[in-house]
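Novice: Listed here are the chains, written in short residue letters.
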Amino acid sequence: MTEASAQVGFHQPGSYQRHMKWLLVVPLVIFWVIFFVIPVGLMFATSFNSQIIGQVAVTSDLTLDNYIRFFSRSNYLLAAWRSVLLAIVVSVITLIVAYPMAYLIAKTENQARNTFLLILVLSAMQLDMVIRLYGMMVILGDNGLINQMLAGLGLIKVDEPIQFMYNFLGVVLGLVQFALPFMILTLMGVIAGIDPSLEEAARSLGASRRRAFLRVTLPASMPGILSGSLLVFALSISSYIVPALMGGFRVGVLPIHIFQQVAEGARFQFGATISVILFILSAAAVATYLRVGSSKSGGLA
Amino acid sequence: MGKKIPLPMMILAILGFCYMLLPIVIVVLAGLTAGEFLTFPPKGLSFRWVIAFLQSEKYLSSFFFSFKLALMTMVISTILGTAVALFLSRAQFVGRGAMRAFFLSPVVLPGVVIGFALYAFFISTGMGISRTIWGLSIGHILYSTPYVIGTVGAALASYNVSLEEAARSLGASPLRAFRKVTLPNIAQGIQAGSIFAFIVSFGQFEVSLFLSAPNSEPLPIAMYNSLRYKFDPSAAAAGIFAITLVIASVLLTNRLVNIRRLLEKQ
Chain A
0 MTEASAQVGF
10 HQPGSYQRHM
20 KWLLVVPLVI
30 FWVIFFVIPV
40 GLMFATSFNS
50 QIIGQVAVTS
60 DLTLDNYIRF
70 FSRSNYLLAA
80 WRSVLLAIVV
90 SVITLIVAYP
100 MAYLIAKTEN
110 QARNTFLLIL
120 VLSAMQLDMV
130 IRLYGMMVIL
140 GDNGLINQML
150 AGLGLIKVDE
160 PIQFMYNFLG
170 VVLGLVQFAL
180 PFMILTLMGV
190 IAGIDPSLEE
200 AARSLGASRR
210 RAFLRVTLPA
220 SMPGILSGSL
230 LVFALSISSY
240 IVPALMGGFR
250 VGVLPIHIFQ
260 QVAEGARFQF
270 GATISVILFI
280 LSAAAVATYL
290 RVGSSKSGGL
300 A
Chain B
0 MGKKIPLPMM
10 ILAILGFCYM
20 LLPIVIVVLA
30 GLTAGEFLTF
40 PPKGLSFRWV
50 IAFLQSEKYL
60 SSFFFSFKLA
70 LMTMVISTIL
80 GTAVALFLSR
90 AQFVGRGAMR
100 AFFLSPVVLP
110 GVVIGFALYA
120 FFISTGMGIS
130 RTIWGLSIGH
140 ILYSTPYVIG
150 TVGAALASYN
160 VSLEEAARSL
170 GASPLRAFRK
180 VTLPNIAQGI
190 QAGSIFAFIV
200 SFGQFEVSLF
210 LSAPNSEPLP
220 IAMYNSLRYK
230 FDPSAAAAGI
240 FAITLVIASV
250 LLTNRLVNIR
260 RLLEKQ
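Line order of the protein sequences matches chains A and B.
Just so you know, the first sequence maps onto residues 0 to 300 in numbering that gives the first Met the number 0.
Just so you know, the second sequence maps onto residues 0 to 265 in numbering that gives the first Met the number 0.
The shape of chain B in the complex, shown without the other chains (with noise of 0.2 Å):
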């Protein structure tokens, strides 16, 4: 390895590396320090925020609120992103390749644009689901959805349609064709693509900005609103929490996927 790269970018890929995990870090260390800010020197290491945090209205039920709001986006945008994953693999039609643009096209637009569209959607059209956990969770299905797309159509693609084409030649109905033969080879797929989701929506931030209700907050939206008048070891020891929970999810993700053939090959 370090006979094919180059020192210099060596140093500067770690260096990379650093700017891109220390505040990672940093808040690990800011929820288990002893003092009431974390300084440097640290002042030692102590569960006193993490206690905090634990018995803290505020976080928890933002924690639980999250973890809610993540669940039910999940299980919806496993179900839809499945079923176009399935279709854009086995359709073949001018324009395909624009129906799935339009369908992950959400991810990477303005958060804060998509969510002020549905506040006033809701609001308009008197759906009565602005500022509550559905319309939280719509706005969160289309910035999870494009994921499970994503990861369901890599796994698609690995995989031998001709299993199930053999399978319906036996004289399976197309239901069962699919049940006992594709669905099990895509499975590990289907359930990365939802962990991603689940993952999404618990760290989504600006959709929920204008769909969140004050008294119902999801954990981002509560943390950046006490981040903004003072720095609370709390939120950081609810940050440890969260950091646990990605990083947990991104294990599990490997063991289901190949990330790094999902991550090249798209």
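Bound-form chain A, shown alone (with noise of 0.2 Å):
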């Protein structure tokens, strides 16, 4: 120990080791203040500047024409409804599939075999998205592995194929492919934490096991099952990738709609306004996630 920080700590005890605490948090703080609160908050300021082709800084003229034309303009509203209706859709969706894994991870006590179904959902979680659309596609498109077969077994007609993709079905059926390890990363932490003898007790006192199942462990699992379809409405309204490769550009969705304002016709303004309500919309499923059980439940999100 130092001469300096002894004598410090000889007057208030560790306050120059809490000084230097805060040293640590300095350079992230500076991190996200420069490129993630100001640059957020300019796309707000953005937001409010009237629509200039092209113009991309800040000026003073504020006005609200962004956002009247968002919500005058039935398909941007409608673009917003679709939006909100695919997180919602898919968050059921892929509630409904993901609870038997996560149910079957939490519950596989072999400590070998649970790893290896973890390292499983880590990877498939970790994997790029447009490699796993590219899987989709390949399984599902018109020419793809489901309509080949369809056709070899004479259920259908070449030329007919069914359409899985390039509409709403398409785009769901990728967000849940998308969605899915976050769900069940959620959902196995409050599974495995259930007491199991909760269930033993009600089955002792005589409940079928799917009675016991539906009156005690579902309900014990509603904090994950919360959580969980919060964090995938976010995710799933957030998307890009999947809207774009699984419904051909077909299915416009806000985050498609900010591409084309900003990409293709260089409309700044509208496009941050456009960002601004999918911000909004994807923050407060965060806010209330975080509200709901950032304590109960896992996972790295």
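Among these hints, one or two may not hold up.
[To be verified] Computed cross-link-like contacts, SDA-like style, restricted to lysine to any residue with a CA-CA straight-line distance of at most 20 Å:
id, chain 1, residue 1, chain 2, residue 2
1, B, Lys3, A, Ser203
2, A, Lys20, B, Gly94
3, B, Lys3, A, Ala211
4, A, Lys20, B, Phe92
5, B, Lys229, A, Arg249
6, B, Lys229, B, Ile239
7, A, Lys20, B, Gly96
8, B, Lys229, A, Phe163
9, A, Lys20, B, Phe177
10, A, Lys20, B, Phe101
11, B, Lys67, B, Ile239
12, B, Lys229, A, Phe248
13, B, Lys229, A, Asn142
14, B, Lys229, B, Lys67
15, A, Lys20, B, Arg99
16, A, Lys20, B, Ser168
Everything labelled a hint here was simulated from the structure, so no lab data went into it.
Here the structure is a predicted model, which means the values were calculated and not measured.
With the hints as a guide, bring both chains together as one complex.
Specialist: Shown next, in the form of structure tokens:
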């Protein structure tokens, strides 16, 4: 210990260290402020500027025109509604698909097997979404494996494939693929935390296995169900790549509109307006998620 | 195991795993197909697309571009994230939870929006890094640092601070106590966190969309651009390398830290 720190420590125990601690957090705070808070703040400001094609910088001329435009044009309102609906549908389906998977992982006591399942989930989660969608498109496309199989069996004509893609269905299927690992990881922790003796008690009191599950295990996993669904809502309403590839730009959701306004039309102000609306929708879901049970659910996200 | 899990639940879980993993298997098969396109039944296996990928200027350079970008992102977010994880594990103050949420929040916010905000910010401030690897890396750091904070935070949660205090009471300087006692104890957590940071950056698409330039694209963007027009099996072959990289990293992570504990207790 140096003399200086010993001296400070003598007057105020630990205060020297306490101040040093703050130095650890300063670099990231600066980074987050410069590259996250300020850009997002400027984006909010830009959304209140009048629309000038090609103009990027924020000006002092404030107007609500962009918001009026958004809320008075049916195609933008429809896109917002479609985005919300899509995120809700995906949350519900992902929950149904993920629950048995999370249950299986939570109840697998064999360590090696449990770790193996987790490695599968984590690998799927970390793998680039474009690669996973490539696989989905090969399976579900008009010339895809399913249509080829159905045609081979004579169930459909080759030139009349079933449309699994380039529509709402395709986007839902792709987003479920995207969101599954997040939902599994959130549910898993909660299910593992349920005291097994609760279900046993219900069973010993004469409840059938299904009844014990529906009345005890399922309600006890409610915090995980709620926070998992909110997380999936936030993730799927934000996705650009899934609607772009699985919807073939035919399912116009908010992220697609943002890209079109900015990259194709150089309309930064209106692009910013749609961005703000999307940002608020997803941040609201995230904020609720944090309230609902950050303490009860697991997961890295 | 069979006794505890009801059969219908088991079947549904297996179907779920098939849904989650089948597309990945299909990409591997598509990259190894002998035909022009993956058909059912498959035409047989060959390495022609893998070779095509290894010879293609476009995918190979994107692969290495992504690799370089992910390394840059990894180094910066590991340093910044580890420091914050240390801070959060030691400091007790009102608003600590809010601060943690603030640092983790980009992960769940729309990547396209953050990418757009950064893109406009870079242009309007004239920083000259829009559409460069630095601009991209800044966007990626926002998404990979939270994983470092989470992973290192988990390693710190199971570490006993009194060890460091003991070293200090025996006369070690703060820096020395940290380097000799704390760091070795959380080193594996830091390594695991940096692997996460690498992989998150390597697979990042949404943020890169606005920030990448046509001549130097990260792999996901290059694959997306080709996938919009046709199924190029050499893109699937590139995918095989990416899949291998991800699985290897997750296996390595599992060696470094107990991923069960990491995921179950946060």
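Novice: For each hint, tell me whether it holds in the structure or not.
Specialist: Against the structure, the hints come out as follows:
no.	hint	in the structure
1	B:Lys3 with A:Ser203	15 Å, holds
2	A:Lys20 with B:Gly94	16 Å, holds
3	B:Lys3 with A:Ala211	13 Å, holds
4	A:Lys20 with B:Phe92	12 Å, holds
5	B:Lys229 with A:Arg249	17 Å, holds
6	B:Lys229 with B:Ile239	18 Å, holds
7	A:Lys20 with B:Gly96	17 Å, holds
8	B:Lys229 with A:Phe163	17 Å, holds
9	A:Lys20 with B:Phe177	12 Å, holds
10	A:Lys20 with B:Phe101	18 Å, holds
11	B:Lys67 with B:Ile239	19 Å, holds
12	B:Lys229 with A:Phe248	15 Å, holds
13	B:Lys229 with A:Asn142	12 Å, holds
14	B:Lys229 with B:Lys67	27 Å, violated
15	A:Lys20 with B:Arg99	15 Å, holds
16	A:Lys20 with B:Ser168	18 Å, holds
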